[in-house]
Amino acid sequence: MLSIYLLLLAQANPTVVRLAVNGVPEGPLPAIEVTLPSGQKTAVQTPGEFSASLPGSYRVSGEPFRVAGQLVDMVYEAAPQQQVVKAGTSVTLQLSYRVRPGSGLLWAATARIEDEDDFSKGTLRALTEENLLAGGFTAPARQLIAGPRLGGGIAGPDGSFYFVDGWNASAWMRATPAALATAGGKVAPVAGAPAHAYAISPQGDIWTLHDGVVRRLAKGSMRPGVADVELTLEELPAGNLLFNAAGDLLLYASEQVARIAAAKLNGKRTLTQADAAAFVTFSSGTLGHGAVDEAGNLWVPDENSQVIAISGAQLTGTAAIEPRRFEVPLSASALTVDNAGGVWVLIRYTGELFHLPAGGAAFSRKGQFGHGFDEHTHLTLNPPPVWSPLGKAAAFPKRLEP
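Under my numbering, the very last position in the sequence shown is 464; numbers go up by exactly one each time.
These are calculated hints, taken from the structure and not from any lab test.
Any given hint could be a false lead.
[Said to hold, decoys possible] Below 25 angstroms or equal to it, Euclidean Cα-Cα: the simulated BS3-like pairs (lysine-lysine) are:
| # | residue 1 | residue 2 |
| --- | --- | --- |
| 1 | Lys460 | Lys428 |
| 2 | Lys428 | Lys103 |
| 3 | Lys183 | Lys248 |
[Stated by the list, open to error] FRET-style restraints, in silico, Cβ to Cβ:
| # | residue 1 | residue 2 | range |
| --- | --- | --- | --- |
| 4 | Val78 | Ala325 | 52 to 60 angstroms |
| 5 | Ala339 | Ala424 | 31 to 39 angstroms |
| 6 | Lys248 | Ser100 | 20 to 28 angstroms |
We put the beta carbon where it would ideally sit given N, CA and C, even for glycine.
Produce the complete structure using the sequences and hints provided.
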């Protein structure tokens, strides 16, 4: 009799489970996955059409994704939700997306606050896309007192930033998205190999350069760790490193740039000029942190009042093209390329930011980013453009296709 009563009760009060996804901008929806009480995982294309009738524990999760911006994208993410549904109840599972803290911004790290000599308080500074498009800014839109002597700065696929202490090449630090969300955010130390320069490859690996040795750190981890590749450089430029979209390594220093094919980036051995697929010489002063544009051209800031663009065709050996040169103020030290192909360069002595639109003939001043910068500073778009070597890393969120 009891079983018949429960059956009749279930028929009178059925269990109804629905799904709602909130906070997603108008357009395509991200991939949503619902784990049913049975443990079965169900991919949901249209949340409004999802329906289930079993009581028990449900888990709903969704992939992070990026929304296109004119200069820099925004990343949206949602924390997975777990909910127990009781028999005879009607429940709507909720998955709420929000903008990932720290995304949609141009970031720079400083070794100190303003220009004082207190190197115990490095800062992280950011400008919004609105700031960059409007120009005329006189200070960062956001500033975090984040830790000592922050040098460089690269963005990982989870939205974290990785830094090396400007005076201690072995002192790696990490700022999570949660830290980037508040002015009181702090960086935390993480293990890593010594580095005066570092970059992330399209394969998602952190590579470092220090004392003439290139290292790959803990393959696939996206975090500093133990090196599993060590390449000693002989007669090759050892000032800085970047990757192109093919995964080739670009090594550069004053008056030289070399391209090492991806196939040679393995093991523990010595690389010489004979290993370079291309070796380009040009006149320059001290070069800062540069970037590769969508066409494969290498852009580098020169402290001697110029930005130099080295043709991708020259780097692949398909054509001999003289580098292009663009005048900027003295002490250009960091550079990046935005979604639209525009080039941004930081003048470290003054904190001024200059911009060259894609195809433009000259840089123009856009605003002032504060003070306290030094030669270790990077300009970092978070997230990097989808076409960039770093943006192509598999772990980075992708744009949603219609």
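Status of the hints after comparison with the structure:
no. : hint                                 : verdict
1   : Lys460 to Lys428                     : violated (29 angstroms)
2   : Lys428 to Lys103                     : violated (50 angstroms)
3   : Lys183 to Lys248                     : holds (11 angstroms)
4   : Val78 to Ala325: 52 to 60 angstroms  : holds (57 angstroms)
5   : Ala339 to Ala424: 31 to 39 angstroms : holds (32 angstroms)
6   : Lys248 to Ser100: 20 to 28 angstroms : violated (43 angstroms)
In the structure shown, a violation is registered for the earlier hints numbered 1, 2 and 6, in ascending order.
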